[in-house]
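**Q** This is what each chain is made of:
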Amino acid sequence: MNTILECKNLSKSFGSTKALDGINLTIEKGRIVGLLGPNGSGKTTFIKICNELLTPTSGEVRINGFTPGVETKKIVSYLPEKTYLNDWMKVSQIIRLFQDFYADFIPEKAYDMLKRLNIDPNSRLKTLSKGTKEKVQLILVMSRDAQLYLLDEPIGGVDPAARDYILDTIISNYNENAAVILSTHLIADIEKVLDDIIFLKEGQIVLNKTVDEVRDESGKSVDALFREVFKC
Amino acid sequence: MLAKLLKYELKATARWFMPLYAALVLFALISRFLLYNDPFVKNEATGFLQIVRILSMSVYVFLFVGIMVVTFVVIIQRFYKSLLGDEGYLMFTLPVQTWKHIMSKLLIAMLWNLLSAVVGLCSIMLLIPAQDLADFGLLFTGINEYFGTIGYFTILFLMLASLVFGIIEMYTAIALGHLFRKHKLLASFGMYIGLNTISQMAFILIVPFFLNTIGSLSEPLHITPGRLNTLILITGIIFAVLAAVCYIVTNIILKRKLNLE
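If you read the sequences in order, they're chains U and G. Residue 71 in the numbering used here sits at position 71 of the first sequence; the count goes up by one each step and never skips. Heads up: take any position in the second sequence, counting from 1, add 232, and you land on the numbering used here.
One or more hints might be untrue.
To be verified - Derived lysine-lysine pairs resembling DSSO-like cross-links, with alpha carbons at most 30 Å apart: (1) U:Lys82 - G:Lys313; (2) U:Lys126 - G:Lys239; (3) U:Lys126 - G:Lys313; (4) U:Lys133 - U:Lys74; (5) U:Lys192 - U:Lys82; (6) U:Lys109 - U:Lys130; (7) U:Lys18 - G:Lys489; (8) U:Lys29 - U:Lys201.
Unchecked claim - Heads up, incomplete: computed chain U residues facing chain G, CB under 7 Å, no partners named: (9) Leu53; (10) Tyr78; (11) Pro80.
Stated by the list, open to error - Now the stretches of chain G that chain U is said to cover, found in silico as 3 or more residues with beta-carbon under 8 Å: (12) 240-252; (13) 307-321.
No lab work stands behind these hints: they were computed from the structure. Yeah, the Cβ is synthetic: ideal placement off N, Cα and C, and Gly gets one too.
Between the sequences and the hints, there should be enough to build the whole structure, so can you do that?
**A** So, in structure tokens, the structure goes:
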């Protein structure tokens, strides 16, 4: 029982457009997986289905044996590509909210990271810049001792210095019982932290390999391979 | 988990209502003072007093209407924005069953509706001259005369049931509108009109049936407390059943058809 996420024939259509088209996928515990693909390839759709924010058209996802629901939400830590923080709370209040609802949330960890990134816990979310809000969200998500982290574009909106810190956080957070799936198109930046890569193209998986396999077989970096596969 | 949701829902909404309630009571008190204790009565500044009186009463009326509008807007905004807007990404990834989200919104919306009514009523009583306050007693005499003591319970039941339905009907309209891929707000509005029509049909079809059983329509209806209370009870039950149906529909949509985009 080492599988944390399993997908069978998962499809999702929006009207006549197919966002996901028959995805079959198994992800093991202890892996850091890069979900890579150009814009509109279905990365966000996939992650949202895993969080029960979208309903699949057909097929199913199982996380730790459960279809998305209350049981999976207890063990999945999700970073959306949107800012979901309401404006009127203070950073400390939103930390309190996470502590209230997630049994695996570790507030000390959150306050520690806030300090490292120079964010005042007493500031109101309204007053924070977009990039700072993204950092706060990531801190909240990474302060959970979850079994599956689903990170949608975790480094898209932050500066390169914070980017390094965030990637360090993701690696140092590593434990063999947890898997991390992160979607991005900034491949060069994250290549060094990944174990496996999945290339998504028009809702289908075109490649699913470990980073070592990619390097051994093609002699290329993931970034170079990506540019080749998705050449416009 | 429901208790925690209620706590956060209360916090999120109280910052709207508390200052408004405080301001309303304050201006009711100021207006009362200006109306009944004339500090300038022996002065010549009566023109000035008139202006201050009118100003204070205007602010009071403005606040009164403001509270009614805010109560209505908050019901819709809390459901739409916090569940189906960007905040929904947070709410729906909490390990909480969907029905608890709906329940927490509903209960807090009811609370503010009732509180707004109570605060509004109290502020009116502050403005009424003391000797006229006794007229409020007539209301209770009237209820006693026409409905009997049990009337208090049936009327309260009807008020609560219609309040619950009024709120959940809007939630259902928003949830149904959310099923549309485009023009969700317009669709919600259309759905609201549709739901209203359906609920009115229910009353038109069901109530006359009971009117016949409690008294023949062909003869002049003799009104007794028993008949009035039965009628009120039936109306309340119809509201309650409609509310239950709406709740179930809303829950099914948010649970099985949720598509946050």
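**Q** Against the structure shown, which of the earlier numbered hints fail to hold, in ascending order?
**A** none
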